[in-house]
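Asker: Sequence:
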Amino acid sequence: MNDSLVTTAADPAGVWAAALGTGGVFLLMIVLVWQIAATWRARMLAAREDEYKALARKYAQLLEDNQLMQHRLLEELGETRKSVNSMERMMREIE
Numbered sequence: 076m077n078d079s080l081v082t083t084a085a086d087p088a089g090v091w092a093a094a095l096g097t098g099g100v101f102l103l104m105i106v107l108v109w110q111i112a113a114t115w116r117a118r119m120l121a122a123r124e125d126e127y128k129a130l131a132r133k134y135a136q137l138l139e140d141n142q143l144m145q146h147r148l149l150e151e152l153g154e155t156r157k158s159v160n161s162m163e164r165m166m167r168e169i170e
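Throughout the sequence shown, residue numbering follows the working numbering, covering 76 to 170 in sequence.
What the hints contain is simulated information worked out from the structure, not anything from laboratory work.
Cβ atoms here follow ideal geometry from the backbone N, Cα and C, with glycine treated the same way.
Hints are supplied without guarantee of correctness; some may be wrong.
As the list claims (entries may be wrong) - Here are the computed distance ranges between Cβ atoms for each label pair:
id	residue 1	residue 2	range
1	R123	T155	44 to 50 angstroms
2	Y127	N160	44 to 50 angstroms
3	R164	E126	53 to 59 angstroms
4	T155	W115	38 to 44 angstroms
5	L137	M104	47 to 53 angstroms
6	R118	T155	53 to 59 angstroms
When you get a sec, could you build the whole thing from the sequences and use the hints?
Answerer: Written as structure tokens, this is what we have:
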């Protein structure tokens, strides 16, 4: 039994076959790790993109709210100016 093991290891074709097999296994492992890393990176980028989209939606809503508040304040300022102008006219008429 020992003779067959020694002769198999001494066979050059068997050595080359073992080397190619081992290289193939390592290559397969490298490709698998590479693909797992690429998949993980793609998922992280997709999650980041979703967060950016949510942030953009929130910003758009806040911008719209801000514009509404600004419009209301401008209307109130206009009404206040009208009131002040009418009070000034009344004060001038009294003098």
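Asker: Now look at each hint and say whether the structure bears it out.
Answerer: These are the hints, each one checked on the structure:
{"no.": "1", "hint": "R123 - T155: 44 to 50 angstroms", "verdict": "holds, 47 angstroms"}
{"no.": "2", "hint": "Y127 - N160: 44 to 50 angstroms", "verdict": "holds, 48 angstroms"}
{"no.": "3", "hint": "R164 - E126: 53 to 59 angstroms", "verdict": "holds, 57 angstroms"}
{"no.": "4", "hint": "T155 - W115: 38 to 44 angstroms", "verdict": "violated, 59 angstroms"}
{"no.": "5", "hint": "L137 - M104: 47 to 53 angstroms", "verdict": "holds, 49 angstroms"}
{"no.": "6", "hint": "R118 - T155: 53 to 59 angstroms", "verdict": "holds, 55 angstroms"}
Figure legend: structure checked against the earlier numbered hints; the only hint not met is number 4.
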